[in-house]
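Chemist: In case you want the letters, here they are:
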Amino acid sequence: MDSDEDERIPFTQRPEWSDIKPVPQDDGPNPVVSIAYHEDFRETMDYFRAVYLADERTPRSLSLTREAIAMNAGNYTVWHFRRLILETLNADLHDELVFIENIAKSNPKNYQIWHHRRWVAEKLGTEEARSMELKFTRKILSLDAKNYHAWSHRQWVLQALGGWEDELDYCQQLLEEDVYNNSVWNQRYFIITRSPLLGGLTAMRESEVRYTIEVILSNPDNESPWRYLRGLYKGDTELVVSEPQVSSLCLKVLSIRGNIFALNLLLDILCHGLQPSEELKRVVEGLTNSNSDSTDSSLAIKVCSVLETLDPMRSNYWAWRKANLPSHAITI
Amino acid sequence: METERLRPTVTQREQWEVEAKVSDIYQLFSSVPHHAQTIMSELRRDKHLDFVTKGLGRLGPSYCVLDANRPWLCYWILHSIALLGDSVDSELENNSIDFLNRCQDPCGGYAGGPGQIPHLATTYGAVNSLLTLGGQRALSSINRDNMRTFMLRMKQPSGAFRMHDAGEIDVRACYTAISVASVLKILDYELVQNVGDYILSCQTYEGGIAGEPGSEAHGGYTFCGLAAMILINESDRLDLPSLINWVAFRQGVECGFQGRANKLVDGCYSFWQGGVFALIRRLHSLIDQQLRPSEVGEGNLTSGNIKTAASSTLSKQVCGLELTSSDDDETSHFGGGELSDIGYYFVKGRAELEPLFHSIALQQYILLCSQVQEGGFRDKPGKHRDYYHTCYCLCGLSVCQYSWSKLADSSPLPRSLFGPYSNLLEPIHPLYNIVLDKYEEAHDFFSRS
Numbered sequence: 021m022d023s024d025e026d027e028r029i030p031f032t033q034r035p036e037w038s039d040i041k042p043v044p045q046d047d048g049p050n051p052v053v054s055i056a057y058h059e060d061f062r063e064t065m066d067y068f069r070a071v072y073l074a075d076e077r078t079p080r081s082l083s084l085t086r087e088a089i090a091m092n093a094g095n096y097t098v099w100h101f102r103r104l105i106l107e108t109l110n111a112d113l114h115d116e117l118v119f120i121e122n123i124a125k126s127n128p129k130n131y132q133i134w135h136h137r138r139w140v141a142e143k144l145g146t147e148e149a150r151s152m153e154l155k156f157t158r159k160i161l162s163l164d165a166k167n168y169h170a171w172s173h174r175q176w177v178l179q180a181l182g183g184w185e186d187e188l189d190y191c192q193q194l195l196e197e198d199v200y201n202n203s204v205w206n207q208r209y210f211i212i213t214r215s216p217l218l219g220g221l222t223a224m225r226e227s228e229v230r231y232t233i234e235v236i237l238s239n240p241d242n243e244s245p246w247r248y249l250r251g252l253y254k255g256d257t258e259l260v261v262s263e264p265q266v267s268s269l270c271l272k273v274l275s276i277r278g279n280i281f282a283l284n285l286l287l288d289i290l291c292h293g294l295q296p297s298e299e300l301k302r303v304v305e306g307l308t309n310s311n312s313d314s315t316d317s318s319l320a321i322k323v324c325s326v327l328e329t330l331d332p333m334r335s336n337y338w339a340w341r342k343a344n345l346p347s348h349a350i351t352i
Numbered sequence: 355m356e357t358e359r360l361r362p363t364v365t366q367r368e369q370w371e372v373e374a375k376v377s378d379i380y381q382l383f384s385s386v387p388h389h390a391q392t393i394m395s396e397l398r399r400d401k402h403l404d405f406v407t408k409g410l411g412r413l414g415p416s417y418c419v420l421d422a423n424r425p426w427l428c429y430w431i432l433h434s435i436a437l438l439g440d441s442v443d444s445e446l447e448n449n450s451i452d453f454l455n456r457c458q459d460p461c462g463g464y465a466g467g468p469g470q471i472p473h474l475a476t477t478y479g480a481v482n483s484l485l486t487l488g489g490q491r492a493l494s495s496i497n498r499d500n501m502r503t504f505m506l507r508m509k510q511p512s513g514a515f516r517m518h519d520a521g522e523i524d525v526r527a528c529y530t531a532i533s534v535a536s537v538l539k540i541l542d543y544e545l546v547q548n549v550g551d552y553i554l555s556c557q558t559y560e561g562g563i564a565g566e567p568g569s570e571a572h573g574g575y576t577f578c579g580l581a582a583m584i585l586i587n588e589s590d591r592l593d594l595p596s597l598i599n600w601v602a603f604r605q606g607v608e609c610g611f612q613g614r615a616n617k618l619v620d621g622c623y624s625f626w627q628g629g630v631f632a633l634i635r636r637l638h639s640l641i642d643q644q645l646r647p648s649e650v651g652e653g654n655l656t657s658g659n660i661k662t663a664a665s666s667t668l669s670k671q672v673c674g675l676e677l678t679s680s681d682d683d684e685t686s687h688f689g690g691g692e693l694s695d696i697g698y699y700f701v702k703g704r705a706e707l708e709p710l711f712h713s714i715a716l717q718q719y720i721l722l723c724s725q726v727q728e729g730g731f732r733d734k735p736g737k738h739r740d741y742y743h744t745c746y747c748l749c750g751l752s753v754c755q756y757s758w759s760k761l762a763d764s765s766p767l768p769r770s771l772f773g774p775y776s777n778l779l780e781p782i783h784p785l786y787n788i789v790l791d792k793y794e795e796a797h798d799f800f801s802r803s
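From first to last, the protein sequence lines are chains G and X.
Sequential numbering from 21 applies to the first sequence in this note's numbering.
Sequential numbering from 355 applies to the second sequence in this note's numbering.
Treat the hints as calculated values from the structure; they're not laboratory data.
Wrong hints could be hidden among the right ones.
With the Cβ distance kept under 10 Å, some of the chain X side facing chain G (calculated, not the full set) [unchecked claim]:
#1 Glu570
#2 Pro595
#3 Asn599
No residue lacks a Cβ here, since even glycine has one placed at the ideal position from N, Cα and C.
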């Protein structure tokens, strides 16, 4: 992770550091979880402690934090002090972005790096910073399309610095690459609910429902769009019950085969008051084991029974749902 | 999209690879005779103890990447030892207390190592380590006044907490702060203010909880968010049925848990996701209320929001026990004692709910797929063992074993365990994730002081 191939020169041999007395770590006489540090590491940290305790905020201490970070990118104290130095020196933070990008490549899941990146971007606050951040996260996501930190950072950038214009297209592209990527679905939800360029959930709902149903029909075993679809009706249970597309989606999918997501959604809307069609009742009946509940059980009860069989991993959960159905769902 | 149907995506490919590995293991297991199955499903107690105890001493140079996480290492190791029903010798115990004390900042909180600045996560690791060690020396070494000062400094106007000075804000920070404050009995209105609003804003459309508002629902943050909400008495503000539905669907064909939808199984989620079910079991009446809102009439069950309490008494039903607080002024006010007692009462009542996940299947994943023969546990077959996964696989296993126990510490029946009964671990307190008897000791200690 180091840019230079040269041999590292120990601090004791660097004339510009001759005035500094290194401070050893105070581990005590009998430490536990003690790490057998390499000499390079120990020395670097001894010098770090010296400048940190002296609160020396100079170019050389800045350079020292770079070395310390390269050895352990998780040392949040070093990062913290680096930020203090950068502020005091009024350093050019564009260089900082390059620095972070280089270490992020080998540490893409490190909290400190992402927090530092956020701090720098916020300080810069420009449109240029915004496009650099969107570009940077795009790069990281091209290596791991589900990197949690990258997505959180990208969301922060959009909210703090803007740049919403291309985001839905970006999601579209990623979904075409991997429609199972739940992080992208989550991002999609983020955009349609929060983008200042779109009308919000209510305005976007119709087109999103259409799109999501299409995706579900081509891959009914993909959980992500099912949850997304349900999410489009968050806070509006009356609507999800009355929307014919939802119940007919369940009917369509279940007519082909038993599908736990379809059954889960059907159970949900039944519990919220759906009056099921005869067709729906017939399809579910077709999935039941004839030995189970009597023929005059409600549809919701039958759905739970089917799920107990089709989805044995969650049999306890479905049994609990069955035992706790709202009274109106037990009678229909 | 024609191409999607023909060419597997990255998600599908990776998932099938893991399923194949796991399936090989299960097929092998089902094909061997019964006595061989007993051996395969056995918890290798001695090997695990050896592995973790060695780590408590000296770690190799590659551990320099955890040089700012040493209290975590202490916790992962000490907690593993305690779960296995063992303890460290008095020399190691004293050395641990001394070392953690060197990580304690003079102004409060614990850092990742001596000389570093305090951090909420390492504070959680350090405090839980000391509680797990137990005893007068360990418990009295914690400076509670300074701890409170540190936490107030981390507290943000939004209600959330920063991990360290000028550090990141997320649901982990909220949980680590609340958990520590609660167990040390320094939790009060000031610390609790608005944190419920923040965590609530992190529950996503999927039902799980994210690290920050807008991010993806994730097992680790879901545990942290729910546990924190319970500790501040606001768990009923969450959409619990939605949350339960989401967590239930995280257990896949591999029998273990994934952290997010369409991601891979990982042994550590045995606790983060499995632990959610341990919490859920004891929120019985609150969940009933949300499942059938018009039908369940429980008197004056309010939203539980401390700020909205206009009535003079606020009652909360947790596990059949009522916690009442009366306030004399406009702002409903829990004193330090009452808020901090939530954790205590949480494990006192009877847990009426059956486990809502497949406990035996999860134990199967932990013991057959995560357990390493030479000692320790790993994420999944093909990955290396480490102390973090060892800790969380063991606490996940404990949660599973006790998932039918009505009382928090009542011994499970043999049928609750996968493998021989000698696999039995110690029970934990699911809110703080420390072994129950050590929690009891700490509770007594901090109630007196």
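Chemist: Failing hints, ascending?
Modeler: Going through the list in order, the structure violates no hint and respects every one.
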